[in-house]
Amino acid sequence: MEAGNKHDWLSLLPMVDLHVHLDGSVQPHTLRELAQEQGRPLSGECDARLLRLMQIGEGCASLVEYLGKFDFVLPYLQTAQALERVAYETVEQSARHNGRYLEVRFAPMLHTRGGLKPDEAIAHVLAGLKRGERELGVAARGIAICMRHHGEGDNLQVVDAAADYRKRGVVAVDLAGDEAHYPPQLHEEVFRRAGRYGLPVTIHAGEAAGAENIATAVHRMGATRIGHGVRARENPDVLKLLRDGGIPLELCPVSNIQTKAVSAWEHYPVRDYFDQGLTLTINTDNPTVSGTSIQREYSVLAERFGFGKEEVAALIMNGVQAAFLDKEAKRELAGQFRTRFRELGIRVS
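Residues in the sequence shown are numbered consecutively from 8, following this note's numbering.
FYI, nobody ran anything at the bench for these hints, they're computed from the structure. It should be emphasised that the depicted structure is a prediction, and the values quoted were computed from it without experimental measurement. Every residue gets a Cβ at the ideal spot worked out from N, C-alpha and C, and that includes glycine.
Just the calculated beta-carbon pair ranges, DEER-fashion:
id : residue 1 : residue 2 : range
1  : His-156   : Glu-339   : 36 to 44 Å
2  : Glu-195   : Gly-51    : 46 to 54 Å
3  : Lys-247   : Pro-48    : 53 to 61 Å
4  : Glu-195   : Pro-243   : 21 to 29 Å
5  : Glu-52    : Glu-350   : 38 to 46 Å
6  : Ser-270   : Gly-75    : 18 to 26 Å
7  : Thr-346   : Ala-271   : 32 to 40 Å
8  : Glu-241   : Arg-203   : 25 to 33 Å
9  : Gly-122   : Asp-185   : 24 to 32 Å
10 : Phe-79    : Glu-350   : 40 to 48 Å
11 : Arg-278   : Glu-52    : 39 to 47 Å
12 : Gly-51    : Glu-335   : 47 to 55 Å
Work the whole structure out from these sequences, hints included.
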């Protein structure tokens, strides 16, 4: 396991990614082919140039600028065929990096411009995920996103549709978008309905706004996981809430630096949070937009923060335990991961 690059051992580990966005995972060649099929060819755009349009640069100033990259891709994700293909290829990308479990999140209302209804968008994404699972051996589930800038009516439609697909591949609902201008409590009634349906909730919070949004997400919105949460350290009471409640954070290190949720690597709180006993999971967020993979995320932790094999394995197992799966499925998945870690000589609790 020690041959070659000093972090080559990461490529042998089974991986979990709980926080990956469908529209942030589209590959350049796929976008070009979708555009051609839809009669809107991106003439003269080679894959390398397309990638520059789809991927964030080093000079990204904020989450709002980062989110702007999605505007280029979304017009081509408005058909059944496009959604199924991109969902399948998201599973395919995960498989290339030894992914074994994947939760892909997407906003159904953002895929209705071509006439699809929210429930139809969900159905087609799930079809692609299921085909990927069958053919590639990566268990894949969906998380339906409510958008912060959308009205209550639109977001209630998403929650209703997600509830209809609860037993067919949707495992949770989420709130995402411009956190700085749309605090979570604006959508309290939407997530109250999700709670009545019994839908698990994860919410982007403490990324582009303060720790108070994390507390709101937990106490008023029913969140049992938090997307990002890097700003939790701004409030000791919020840190205590997360630690005592065992509430997992879905950290996405590369994108957290790119969006300026954290100003620089030396200020990134992953080691501090880990040592304090917070439940952390490591994820990709948007593989294409961020130019990342799950193995790259863990390489950053090993290189910059000194995470060793057993610590990385513990983080991966956190992802298994935090998955929105029923107890039996989670137990089976955990057993598979523990078996693989034992084969590699890595101790896990």
